[in-house]
Amino acid sequence: MNGESEMNNREKNDPVVVIGGGIAGIEASLLLANSGRKVYLVEKTSYIGGNVIKFEEVYPNMDCATCMIAPKQQELLANENIELLTLSQVESVSGSAGDFSVGIKKKARYVDLENCIGCGACYEPCTVEVDNEFEEGLSKRKAIYIPCAGALPNVPVIDTENCLHFKGQICQACQESCVFEAIDFSQQDEELQLKVGAIVIATGFKSFDLSETTQYGYGKLGDVYSAMEAERMCASNGPTEGQILLKNGKPPESVAIIHCVGREEKGYCSSVCCMASLKLSHFFKKKLPEVKITQFYSDLCIPGKANQKFYEEVQESGVDFIRATVTEVSSSGEKLALKYKTEDGQESTLAVDMVILNPALEPGADSSKLAEMLGIPRGKAGFFSEKEPDLTSVATAQDGIFIAGCAQGPKDIAETVAEAEATVGRILSLSK
Amino acid sequence: MAKKIGIYVCECGANIAEKVDIDQVITAVSPLKDVEVVERHKLLCSEGGKEFLKQSIEEHGLTHLVVAACSPKQHEVTFMSVCEQAGINPQLFQLANIREQCAWVTPDGEEATDKAIRQIRAAFSRVLYHKPLESKEVECNPDVLVIGGGIAGIRASQALAAPDRKVYLVEKAPSLGGKVRSFSKLFTNMESGLTLMEQELKSLQENENIEVLTESKVEQILGFLGNFEVKVRRKAEDKDLDFNVGAVVLATGFELFDPRGLPQYGYGKLDDIYTSLEFEEMNLPGGPTGGKILLKNGKPPESVAIIHCVGREEKDYCSKVCCLYSLKFDRMLKSQIPQIKVSHFYSDLCIPGKAYQKFYEETKELGIEFVRSAKTEVTSNGEGTTISYETEAGSKGKLAVDMVILIPAMESSSDARKFAEMLNLPQDEKGFFAEEHQLLSPVASAVEGIFVVGCAQGPQSISESIVQAEAATGKILSALVPGRKLELEVRTSEISESFCTGCKTCILVCPYGAITFDEAKTISVVNEVLCHGCGNCAAACPSGAVSLKHFTFGQIYQELKEVLR
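Protein chains in written order, with the working numbering: chain A, 1 to 432; chain B, 1 to 565.
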């Protein structure tokens with residue numbers, strides 16, 4: 001009797017590890033923690049917020065993304081039931097539902113989370129400059145840095161690959177500039193073993209690699225951008241502070257947005273790109289009312305009760321939609337020449353200043369390694385497979401392991417949050 | 001008791017000290033009445049800073065606290081918990097934001113110092129009028145009412161029910177199962193919806209923590225998160241059942257747009273034109289044709305047209321799942337009548353997600369024709385029907401078919417309005433229940449404790465409906481833990497009985513349904529349990545009868561007086 005109730009109690013209080021600190025991981029962690037569970041949130045970068053914090057605004061209501069998610073980030077950082085492990089990755093998993101052992105490698109930040117107040121005084125004296133990955137390489141950062149304004153925790157990280165101190169040179173410029181004694185070169189990487197009852201996979205997505213395409217001139221022609229690069233260009237906290245400029249420093253007069261880049265290669269519709277393309281049109285029209293925008297698409301996929309209205313608004317703002325396949329983008333004088341073919345086989349050309357490619361979504365970078373460790377099958381496209389594809393997307397073939405968000409397949413923010421909440425529903429109802 | 005006020009100025013390293021002359025600030029605020037101590041600190045939010053603050057409060061026996069530092073968003077909670085540890089009511093504290101609102105934005109040092117002094121005087125002036133509001137807790141009932149016995153309601157009930165949590169599942173029809181029961185096949189696995197439902201119902205019956213109430217109608221729901229009183233009318237027994245629950249899940253499903261409103265499709269006038277749900281029923285083994293796809297004349301059709309997006313323009317949204325289930329229809333038609341010719345008339349193929357393109361491609365390989373049509377009409381040709389279509393480029397075509405299946409838009413169920421009114425629940429402009437936040441809170445409603453899942457919230461697939469049912473489960477299990485009390489917001493609004501004129505303006509602007517009308521006294525009354533302290537009512541009240549605790553007119557006046565001095 002006593003043993004049984006102890007057992008029951010233990011299960012009820014089993015900690016949970018959530019892998020991935022994007023919107024799905026944040027929502028799952030908060031709900032679990034508020035129910036009284038201990039949560040370890042494992043995030044490989046130095047900040048939480050994932051892809052959502054890269055967006056200036058989110059469709060269909062054009063809410064400011066950082067304003068929307070910042071209270072959740074703050075709540076997470078303040079929640080005593082959540083242990084946030086940034087710069088951390090899962091290295092091993094053993095055991096079964098109710099009794100997992102998860103090995104974590106946590107890299108040193110070299111900046112003390114308690115002492116640092118995020119004032120940024122340490123960046124200026126750093127003499128290193130490298131491309132900022134967060135800004136899609138569109139701007140530079142120092143070797144000690146916060147990826148962008150709004151990344152939380154608001155504490156920088158030292159990139160040991162580029163930091164002169166860690167390359168063996170005599171430099172402690174950042175340390176000398178910090179009045180809070182927050183910079184600590186002696187921090188060590190740690191290895192942790194977590195005992196948990198359940199695991200949530202929320203490792204998100206990355207974009208289809210555009211360097212795999214040749215016909216659009218990406219990486220070769222100056223003003224051909226990916227959708228994420230365009231997002232950052234539109235963002236007021238981005239590399240151009242929200243200014244949309246061509247390589248020659250002038251604003252574009254005409255822009256083409258190409259949908260479904262990589263769809264054929266991947267073999268699926270990425271669900272959110274039509275809306276994301278409409279959003280980019282909205283930004284461009286707002287910032288440059290005279291700009292001529294043409295969208296090249298095959299089928300418009302704007303599912304659900306709220307999206308059509310946004311499409312109509314964008315259409316009314318004077319955006320052209322051409323149902324056609326773009327076969328080639330090439331340089332033509334100062335402009336880009338876009339060759340396209342409509343469904344009835346007619347070929348035409350359009351000259352524009354800027355081209356934006358909207359690539360397919362793929363599972364996050366470390367999915368295959370993680371899937372192997374967790375024993376979760378993946379589909380052909382590499383997304384984590386759900387146990388009952390037509391019934392619920394959150395349960396996996398392994399009891400006690402759940403998936404939420406784009407780790408399972410391309411989806412929008414609302415669907416991602418619902419899945420995160422659903423994993424919590426599953427976990428909390430397991431122990432009853 | 002004499003007031004003893006402490007003022008503490010944070011340097012925030014160089015962040016504040018570099019711009020604001022803190023010595024000058026201290027000199028300026030020290031003479032204020034009842035100020036017991038004024039101190040500066042390098043970093044008050046640090047562990048050392050908090051310890052210093054706590055000891056200083058205790059040492060000086062302070063009654064009120066003012067901290068001049070950063071934004072309340074950053075550290076209000078931090079200093080409120082120091083208050084608690086040092087034995088001061090945390091409401092008797094005010095944070096003056098001299099970083100974000102002063103040092104960081106006021107370039108001139110002298111101006112910044114003057115501004116900081118005003119801000120601290122304002123905080124000092126206001127804190128004297130603060131009330132020591134005490135936090136309250138209420139008991140909560142962990143049980144849940146689920147309305148709607150379709151797949152979403154069933155799955156939510158199963159996930160929620162536990163030995164310490166009873167679920168009442170109310171369904172107006174004589175049996176559970178919703179729409180899924182009438183689907184002879186489900187996409188993409190092409191298994192029977194009826195079989196799925198039978199399994200679901202079996203495990204539901206075995207669950208002793210679920211009370212199923214079929215042929216029942218919810219007559220009334222009163223109360224708030226943790227404490228709802230429910231009245232259910234049981235038709236068969238001709239009696240009412242009363243019980244209490246802590247949360248409500250609305251899973252009232254969808255209905256199809258009625259194509260009779262669109263004469264161009266001939267529905268209701270011409271033979272052999274069916275809606276998608278009618279076609280589903282025709283395929284049921286227990287259906288009118290015993291599961292056989294037959295024309296009115298008793299023969300199997302040789303050709304079928306499937307017309308997409310019926311009513312999309314009228315409803316002004318894409319119903320999300322229609323393209324997918326029409327592909328399922330192709331497979332059902334082809335497996336029963338292999339030689340049948342199937343043509344789709346559609347505008348855009350919407351098959352979002354990782355799994356469906358393959359389903360589409362494999363279906364297409366069965367020999368299905370897809371015609372992109374901007375305008376489609378159905379007319380009689382004497383023997384059967386003719387489809388007239390027009391491509392986007394404007395070229396026209398005709399096709400004679402034996403049978404037409406219309407794919408109408410999905411609408412919110414006709415019960416939705418009744419529940420919206422009963423629960424003071426907002427509906428969006430399309431008639432679906434509105435979410436608390438479209439992106440960040442997709443299954444909660446604006447009324448705390450009421451959740452909206454499945455097609456009651458918007459068109460979605462079975463799997464998405466189940467995910468939402470599980471999501472509501474997650475929210476409920478996280479919020480209503482048996483044995484745990486709910487902590488209430490202390491900064492709520494209150495309505496003065498003598499000033500209220502009963503105009504009900506406050507009721508209109510309250511997003512939480514927290515204000516009700518006392519018909520006997522003809523005044524508005526705030527329910528403290530529901531009030532989030534947003535202040536809408538206080539701002540809107542034309543008689544000045546509403547005041548928001550901790551943001552009373554008196555307190556704000558005191559603050560402004562010093563800022564503008």
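I should point out that these hints are in silico values taken from the structure, not numbers from a laboratory.
Ideal Cβ positions, reconstructed from N, Cα and C, are used throughout, including at glycine.
A couple of the hints might just be wrong.
Capping the alpha-carbon separation at 30 Å, the derived lysine-lysine pairs in DSS-like fashion look like this [as the list claims (entries may be wrong)]:
{"no.": "1", "chain 1": "B", "residue 1": "Lys-50", "chain 2": "A", "residue 2": "Lys-72"}
{"no.": "2", "chain 1": "B", "residue 1": "Lys-185", "chain 2": "B", "residue 2": "Lys-115"}
{"no.": "3", "chain 1": "A", "residue 1": "Lys-286", "chain 2": "B", "residue 2": "Lys-430"}
{"no.": "4", "chain 1": "A", "residue 1": "Lys-369", "chain 2": "B", "residue 2": "Lys-549"}
{"no.": "5", "chain 1": "B", "residue 1": "Lys-430", "chain 2": "A", "residue 2": "Lys-38"}
{"no.": "6", "chain 1": "B", "residue 1": "Lys-430", "chain 2": "B", "residue 2": "Lys-485"}
{"no.": "7", "chain 1": "A", "residue 1": "Lys-106", "chain 2": "A", "residue 2": "Lys-250"}
{"no.": "8", "chain 1": "A", "residue 1": "Lys-106", "chain 2": "B", "residue 2": "Lys-296"}
{"no.": "9", "chain 1": "A", "residue 1": "Lys-105", "chain 2": "A", "residue 2": "Lys-387"}
{"no.": "10", "chain 1": "A", "residue 1": "Lys-72", "chain 2": "B", "residue 2": "Lys-296"}
{"no.": "11", "chain 1": "A", "residue 1": "Lys-341", "chain 2": "A", "residue 2": "Lys-195"}
{"no.": "12", "chain 1": "B", "residue 1": "Lys-375", "chain 2": "A", "residue 2": "Lys-387"}
{"no.": "13", "chain 1": "A", "residue 1": "Lys-72", "chain 2": "B", "residue 2": "Lys-430"}
{"no.": "14", "chain 1": "A", "residue 1": "Lys-341", "chain 2": "B", "residue 2": "Lys-358"}
{"no.": "15", "chain 1": "B", "residue 1": "Lys-115", "chain 2": "A", "residue 2": "Lys-341"}
{"no.": "16", "chain 1": "B", "residue 1": "Lys-396", "chain 2": "B", "residue 2": "Lys-485"}
{"no.": "17", "chain 1": "B", "residue 1": "Lys-375", "chain 2": "A", "residue 2": "Lys-292"}
{"no.": "18", "chain 1": "A", "residue 1": "Lys-380", "chain 2": "B", "residue 2": "Lys-334"}
{"no.": "19", "chain 1": "B", "residue 1": "Lys-430", "chain 2": "A", "residue 2": "Lys-285"}
{"no.": "20", "chain 1": "A", "residue 1": "Lys-247", "chain 2": "A", "residue 2": "Lys-220"}
A short list of chain A residues far from chain B (calculated; beta carbon distances all over 12 Å) [to be verified]:
{"no.": "21", "residue": "Phe-180"}
{"no.": "22", "residue": "Leu-194"}
{"no.": "23", "residue": "Glu-253"}
{"no.": "24", "residue": "Tyr-311"}
{"no.": "25", "residue": "Glu-312"}
{"no.": "26", "residue": "Thr-327"}
{"no.": "27", "residue": "Ser-385"}
Derived DEER-like restraints, expressed as beta-carbon distance ranges [to be verified]:
{"no.": "28", "chain 1": "A", "residue 1": "Ala-78", "chain 2": "B", "residue 2": "Asn-209", "range": "30 to 40 Å"}
{"no.": "29", "chain 1": "B", "residue 1": "Asn-209", "chain 2": "A", "residue 2": "Asp-99", "range": "48 to 58 Å"}
{"no.": "30", "chain 1": "A", "residue 1": "Lys-287", "chain 2": "B", "residue 2": "Asp-271", "range": "37 to 47 Å"}
Hints and how they fare:
1. Lys-50/B with Lys-72/A: Holds. Lys-50/B to Lys-72/A sits at ~25 Å (cutoff 30 Å).
2. Lys-185/B with Lys-115/B: Violated - the C-alpha atoms of Lys-115/B and Lys-185/B are around 71 Å apart, more than 30 Å.
3. Lys-286/A with Lys-430/B: Holds: Lys-286/A and Lys-430/B sit about 27 Å apart, inside 30 Å.
4. Lys-369/A with Lys-549/B: Status violated; Cα separation ~54 Å.
5. Lys-430/B with Lys-38/A: 40 Å, violated
6. Lys-430/B with Lys-485/B: The hint is violated at about 37 Å.
7. Lys-106/A with Lys-250/A: 44 Å, violated
8. Lys-106/A with Lys-296/B: 70 Å, violated
9. Lys-105/A with Lys-387/A: 29 Å, holds
10. Lys-72/A with Lys-296/B: 59 Å, violated
11. Lys-341/A with Lys-195/A: 57 Å, violated
12. Lys-375/B with Lys-387/A: 41 Å, violated
13. Lys-72/A with Lys-430/B: 29 Å, holds
14. Lys-341/A with Lys-358/B: Holds: Lys-341/A and Lys-358/B sit about 24 Å apart, inside 30 Å.
15. Lys-115/B with Lys-341/A: 64 Å, violated
16. Lys-396/B with Lys-485/B: 68 Å, violated
17. Lys-375/B with Lys-292/A: 28 Å, holds
18. Lys-380/A with Lys-334/B: 27 Å, holds
19. Lys-430/B with Lys-285/A: Holds, at roughly 27 Å.
20. Lys-247/A with Lys-220/A: With a Cα-Cα distance of about 13 Å, the restraint between Lys-247/A and Lys-220/A holds, given a limit of 30 Å.
21. Phe-180: 6 Å, violated
22. Leu-194: 21 Å, holds
23. Glu-253: The claim stands: Glu-253/A keeps its Cβ more than 12 Å from every Cβ of chain B (closest is about 27 Å).
24. Tyr-311: 9 Å, violated
25. Glu-312: 8 Å, violated
26. Thr-327: 19 Å, holds
27. Ser-385: 10 Å, violated
28. Ala-78/A with Asn-209/B: 30 to 40 Å: Cβ of Ala-78/A to Cβ of Asn-209/B: about 35 Å, so the range 30 to 40 Å holds.
29. Asn-209/B with Asp-99/A: 48 to 58 Å: 26 Å, violated
30. Lys-287/A with Asp-271/B: 37 to 47 Å: 56 Å, violated
Figure legend: structure checked against the earlier numbered hints; hints not met, in rising order: 2, 4, 5, 6, 7, 8, 10, 11, 12, 15, 16, 21, 24, 25, 27, 29, 30.
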